[in-house]
Amino acid sequence: MDHRIIDQQLDVLRDKTLLLGGATERAVQRAMQSLLTRDSKLAQLVLDEDKTIDQMELEIDRMSVEILALQQPAAHDLRLVISVAKITPVLERIADHAGNIAEATLIINEEPQLRPFSDLSLMADNAAEMLRNALDAFIAEDAETSRRIILADKVIDDAYRRVFGELIGMIINDPTTTASAAQLLFVAKHLERIGDYVKDICELTVYLTEAAFIKHSARN
Amino acid sequence: MSKISISNLDFYYGKAQALYDISLELPENEVIAFIGPSGCGKSTFLRTLNRMNDTIPNTRVKGKVLIDGKDVNDQSTDVVALRRKVGMVFQKSNPFPKSIYDNVAYGIQINGIHKTKADLNERVEKALLDAALWDEVKDRLATSAFGLSGGQQQRLCIARALAVQPQIILMDEPASALDPLATQKIEELVVELKRRYTIIIVTHNMQQAARVSDKTAFFMLGKLVEYNPTQKMFTNPDEKLTEDYITGRFG
Chain D
1 MDHRIIDQQL DVLRDKTLLL GGATERAVQR AMQSLLTRDS KLAQLVLDED
51 KTIDQMELEI DRMSVEILAL QQPAAHDLRL VISVAKITPV LERIADHAGN
101 IAEATLIINE EPQLRPFSDL SLMADNAAEM LRNALDAFIA EDAETSRRII
151 LADKVIDDAY RRVFGELIGM IINDPTTTAS AAQLLFVAKH LERIGDYVKD
201 ICELTVYLTE AAFIKHSARN
Chain F
221 MSKISISNLD FYYGKAQALY DISLELPENE VIAFIGPSGC GKSTFLRTLN
271 RMNDTIPNTR VKGKVLIDGK DVNDQSTDVV ALRRKVGMVF QKSNPFPKSI
321 YDNVAYGIQI NGIHKTKADL NERVEKALLD AALWDEVKDR LATSAFGLSG
371 GQQQRLCIAR ALAVQPQIIL MDEPASALDP LATQKIEELV VELKRRYTII
421 IVTHNMQQAA RVSDKTAFFM LGKLVEYNPT QKMFTNPDEK LTEDYITGRF
471 G
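If you read the sequences in order, they're chains D and F.
All residue numbers for the first sequence refer to the working numbering, where the first residue is 1 and numbers rise by one.
All residue numbers for the second sequence refer to the working numbering, where the first residue is 221 and numbers rise by one.
Just so you know, these hints were derived from the structure itself, not from any lab.
Every residue gets a Cβ at the ideal spot worked out from N, C-alpha and C, and that includes glycine.
A portion of the hints provided could be inaccurate.
Below 16 angstroms or equal to it, Euclidean Cα-Cα: the simulated EDC-like pairs (lysine to aspartate or glutamate) are [what the hints assert, rightly or not]:
hint, chain 1, residue 1, chain 2, residue 2
1, D, K189, D, E110
2, D, K51, D, E103
3, F, K452, D, E210
4, D, K41, D, E110
5, F, K346, F, D322
6, F, K460, D, E210
What follows is a set of in silico ranges between Cβ atoms, one per label pair, in the way DEER data are often shown [said to hold, decoys possible]:
hint, chain 1, residue 1, chain 2, residue 2, range
7, D, D54, F, D399, 39 to 47 angstroms
8, D, D7, F, Q404, 23 to 31 angstroms
9, F, S369, D, I5, 28 to 36 angstroms
10, F, V411, D, L106, 53 to 61 angstroms
Examples of chain D residues lying across from chain F (beta carbon under 7 angstroms, computed) [as the list claims (entries may be wrong)]:
hint, residue
11, R4
12, A75
13, D77
14, A143
Next comes chain D alone, as it looks inside the complex (with noise of 0.2 angstroms):
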């Protein structure tokens, strides 16, 4: 049997995250431009796509089970669904941190600009490179990149305690500067956590690929 029934319901589930996948990306990328660049109306355009992003959670999740009770998936294509489903939280995950990012955006942009971070836009770099690295991993089914990009998150955790620590600084120093610097405080713990949901992603791959959980593991 060259083709099979579940191939083709597989390769849509496979489309529908790497769209997913797309839409979450631009979302992180859109919310941080619009916070460097002090541009509300990028911002409020990530808060209005993120109903978009939610529908496609939806339909994946509904895909997922129905292949699951129609084609009871084995081995590999069973290993596929289920990664799908458990990556596609993440993803809906990830948009909702650059969904708060935006809004941190729409306060901080009513109060006058402080300078800039540079860990700050390392952070955020980092956070997009490898979401994007991730996905292309997933897709790749590249379990030795996706650890390599779980290693990675090492520089986004140093450079969120270098912002953390610059921020609080600022505060004492200069009080007045409160109320942005308590919103980028969040951006920076933003930028961090989606880091950690990035290394999920990798760890799904693994599994995927090689039919381990490395999640909670002493190598990981």
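Here the structure of chain D is known, so what remains is to put chain F in place on it, guided by the hints.
Then chain F, alone, in the frame of chain D:
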């Protein structure tokens, strides 16, 4: 030690070789599923375990099948005793044209297992209880077995097999002719029975193998391709051929 230990088993129908160099260890009190496409040798292999192939003329077996360390093909083996120890349930339920009671009592009587009539009654009741059929038939034991539904007839055949106190039960597609509810009852029964018996089940139903068995052996063209815990077999098989078969990718 394994309950059943098979080493380098070849089997021939006349000149045609049906099984090639099969080696397999089957543990006690587990359910082992044999899967594979039609004609792959899984039923032939199943029947080598209680020498049911002896009934087919011009067959030949090479290699060893040890049950509790004893070679079943040894000349000194009492085939009747072997088949008492290794019971069998077939694809199509095959009750005798007798009453429900007599179907179960028959094996006990011809083997002289019972001491008194009361003992016989007790054994019949116990076998029907163990086969999860007692409640449905206790008020009509004297009626014909043919009055039972397909699923009930199959459980009657299981009761008949259990009545002679086997240690191993071979099941050759026991639920393939049954509806989903009757199938579910057989599957629940298999899982229940493994506490006391070693069960080997041949099935074409992948989901059934996944649901009921602890280990699964995959056969193809008379060869054993893979033998692994069922959980591994259905989530991450070692062999590409196994993956292709269980995911329906066979071309």
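Structure-based check of each hint:
1. D:K189 - D:E110: 21 angstroms, violated
2. D:K51 - D:E103: Answer holds: K51 of chain D to E103 of chain D is near 15 angstroms, not above 16 angstroms.
3. F:K452 - D:E210: 12 angstroms, holds
4. D:K41 - D:E110: With Cα atoms ~13 angstroms apart, K41 of chain D and E110 of chain D stay inside 16 angstroms; holds.
5. F:K346 - F:D322: 14 angstroms, holds
6. F:K460 - D:E210: With a Cα-Cα distance of about 14 angstroms, the restraint between K460 of chain F and E210 of chain D holds, given a limit of 16 angstroms.
7. D:D54 - F:D399: 39 to 47 angstroms: The hinted range 39 to 47 angstroms holds for D54 of chain D and D399 of chain F, with Cβ atoms some 41 angstroms apart.
8. D:D7 - F:Q404: 23 to 31 angstroms: 30 angstroms, holds
9. F:S369 - D:I5: 28 to 36 angstroms: Cβ of S369 of chain F to Cβ of I5 of chain D: about 33 angstroms, so the range 28 to 36 angstroms holds.
10. F:V411 - D:L106: 53 to 61 angstroms: This hint holds: roughly 59 angstroms between Cβ atoms.
11. R4: 6 angstroms, holds
12. A75: 5 angstroms, holds
13. D77: Status holds, d = 5 angstroms.
14. A143: With Cβ-Cβ at 13 angstroms, over 7 angstroms, it is violated.
Hint violations for this structure: numbers 1 and 14, all remaining hints satisfied.
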